[in-house]
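There are 2 protein chains.
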Amino acid sequence: MNLKVIAFDADDTLWVNEPYFQATEERFCSLLENFSPQHTISKELFKVEVDNLPLYGYGIKGYILSMIEAALNISEKNISVDVVETILQYGKDMLNQPIEILNDVEHVLSSLKDRYRLVVATKGDLLDQERKLKKSGLAHYFHHIEIMSDKKEDDYIKLIKHLDISPDEFMMIGNSLKSDVMPVINIGGHAVHVPFHTTWAHEHVETVLTHDNFKQVDKISEVLEIVGVAESGSPQSGSPKV
Amino acid sequence: MNLKVIAFDADDTLWVNEPYFQATEERFCSLLENFSPQHTISKELFKVEVDNLPLYGYGIKGYILSMIEAALNISEKNISVDVVETILQYGKDMLNQPIEILNDVEHVLSSLKDRYRLVVATKGDLLDQERKLKKSGLAHYFHHIEIMSDKKEDDYIKLIKHLDISPDEFMMIGNSLKSDVMPVINIGGHAVHVPFHTTWAHEHVETVLTHDNFKQVDKISEVLEIVGVAESGSPQSGSPKV
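So the sequences go chain by chain: A and B. Each residue of the first sequence is one higher than the last, beginning at 0 in numbering that gives the first Met the number 0. Each residue of the second sequence is one higher than the last, beginning at 0 in numbering that gives the first Met the number 0.
Be a bit skeptical, because a hint or two may be false.
One copy or any two copies: either way a pair holds, since identical chains are not told apart in the list.
No farther apart than 27 Å at their CA atoms in a straight line, the calculated lysine-lysine pairs in the DSS-like style are these [unchecked claim]:
1. Lys151 <-> Lys91
2. Lys134 <-> Lys160
3. Lys177 <-> Lys46
4. Lys214 <-> Lys3
5. Lys112 <-> Lys157
6. Lys157 <-> Lys3
7. Lys214 <-> Lys157
8. Lys91 <-> Lys42
9. Lys112 <-> Lys160
10. Lys157 <-> Lys133
11. Lys46 <-> Lys91
12. Lys91 <-> Lys76
13. Lys112 <-> Lys218
14. Lys3 <-> Lys160
What the hints contain is simulated information worked out from the structure, not anything from laboratory work. This structure is a prediction, so every number in the text was calculated from the model and none was measured.
Just chain A, with the same shape it has in the complex (with noise of 0.2 Å):
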């Protein structure tokens, strides 16, 4: 390998993100809950926030602004602006969560950050992920944060060509194969899948793709192998921080 960029996703890779849409999510269906059942509330947010991907795009933002159009249907406009004014509070607090690193990522980044520019590559709204990433601390270890709209084959032969590289040496580590490893791998760079539960990794491992250019890991701390940097101290364990 001749890697010259190795890029971080973000969120459920280098720091807990998906519990706290679950959590806002139950709180939405508490709140909803004398017009349907859970599931139906839920079905109906994803639907809304599926139509209004296109026009809003991933990040806390777009998703209050769907959770309270779906709130609207749901209830067919049968629940005063109290409710409207919650779903609101749930939003700001969701953008002032606790950033929670995950096992290992330190001790990664501090092994690589001498050998390769490390970006962080995210979905999300900037201002969100830049303050996540200064709360975390781990910010001095990135040459800086790429957001991308998406993260198609498209968003990553632009990154790529923002990042003036050859795909080859490029290489993508995060939680999603959808968004983090198969486009990477489709254009030609390097990708290493980090399953944010080990369990659903072990529940899905028979899905994975074989190919030269991907690893499937448990650990991220695995990454230091792939990359042939060696161990050097014993792991960190992730810390919250706030």
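With the hints as your guide, set chain B onto chain A.
For chain B alone, coordinates are given in the frame of chain A:
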């Protein structure tokens, strides 16, 4: 000058933007006219927007969330959720707004593109700005689009580091003295101020700074003289594109 990169602000520099926000604010004031006079509504909306700026940042989605919050405040929650639904629609209308390219912009870009690396440097939502750039038909003139969470000195230092150039190799062109000019001059870059409305510029011309790295122009086509690129052919007029 030893310029390598010329960065253009987007909204109200490449295309019309502010009038869409103003028109939406007028609709919002009409919607709530039973509760307060227009200037009180505008004042409250502005207050909520500014309070939320650290959390929401710039862009239409944050603007709409703030508008909903302001409507709750102004009405003391004496509105139905129909009003909320209407405001959500304002947001979708804004995100779907047509692109009206400003005069001479295309001529300037086509004259500069083979001599400099051109980038768009703008605040706001990445997806929204990418969509506008695509709709404008101007995307092919630019190396890439830089979305900045803010336009303060630190943000420009980060941008210039990211571009791998020195400050004196960088020129920013935009309609805001505060965001596009002052911070760039302060870190050693070049800047050109192109006011959105010429009348506005004339009213404020006495406040404009004098600096070797700074030029104030009435029309964006004057940028060509500043960087020493001869005018070729007649400037094209802007035309609306959807």
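Results for each hint:
Taking the closest pair of Cα atoms, Lys151 and Lys91 come within 27 Å of each other only across two copies (24 Å); inside a single copy the shortest separation is 29 Å, beyond that limit. Only between protomers do Lys134 and Lys160 lie at most 27 Å apart by alpha-carbon distance; the minimum there is 21 Å, versus 29 Å within a single protomer. Within a single copy, Lys177 and Lys46 get their C-alpha atoms as close as 20 Å, which meets the 27 Å cut-off; across copies the closest is 41 Å, which misses it. For the identical chains of this complex, Lys214 and Lys3 are intra-copy neighbours only, at 18 Å inside a copy versus 39 Å across copies, given an alpha-carbon limit of 27 Å.
With identical chains, the CA atoms of Lys112 and Lys157 are at most 27 Å apart both within one copy (23 Å) and between copies (18 Å). Proximity of Lys157 to Lys3 under the C-alpha cut-off of 27 Å is found in both arrangements, the shortest distances being 16 Å within a copy and 20 Å between copies. Taking CA atoms no more than 27 Å apart as the test, Lys214 paired with Lys157 passes inside one copy only; the shortest distance there is 23 Å, against 33 Å between copies. Taking the shortest Cα distances, Lys91 and Lys42 sit within 27 Å of each other both inside one copy (23 Å) and across copies (22 Å).
In this homomeric assembly, Lys112 and Lys160 come within 27 Å of each other (Cα to Cα) both inside a single copy, at 21 Å, and across copies, at 17 Å. Taking identical chains as interchangeable, the C-alpha atoms of Lys157 and Lys133 lie at most 27 Å apart whether they share a chain (25 Å) or sit on different chains (14 Å). When the C-alpha separation of Lys46 and Lys91 is checked against a cutoff of 27 Å, the pair qualifies both within a copy, at 23 Å, and between copies, at 17 Å. In the homo-oligomer, the alpha carbons of Lys91 and Lys76 lie at most 27 Å apart both inside one protomer (23 Å) and across protomers (19 Å), since each shortest distance falls under that limit.
Taking identical chains as interchangeable, the C-alpha atoms of Lys112 and Lys218 lie at most 27 Å apart only when both belong to the same chain, with a minimum of 18 Å there against 46 Å between chains. When the C-alpha separation of Lys3 and Lys160 is checked against a cutoff of 27 Å, the pair qualifies both within a copy, at 13 Å, and between copies, at 17 Å.
When each numbered hint is compared with the structure, no violation occurs for any of them.
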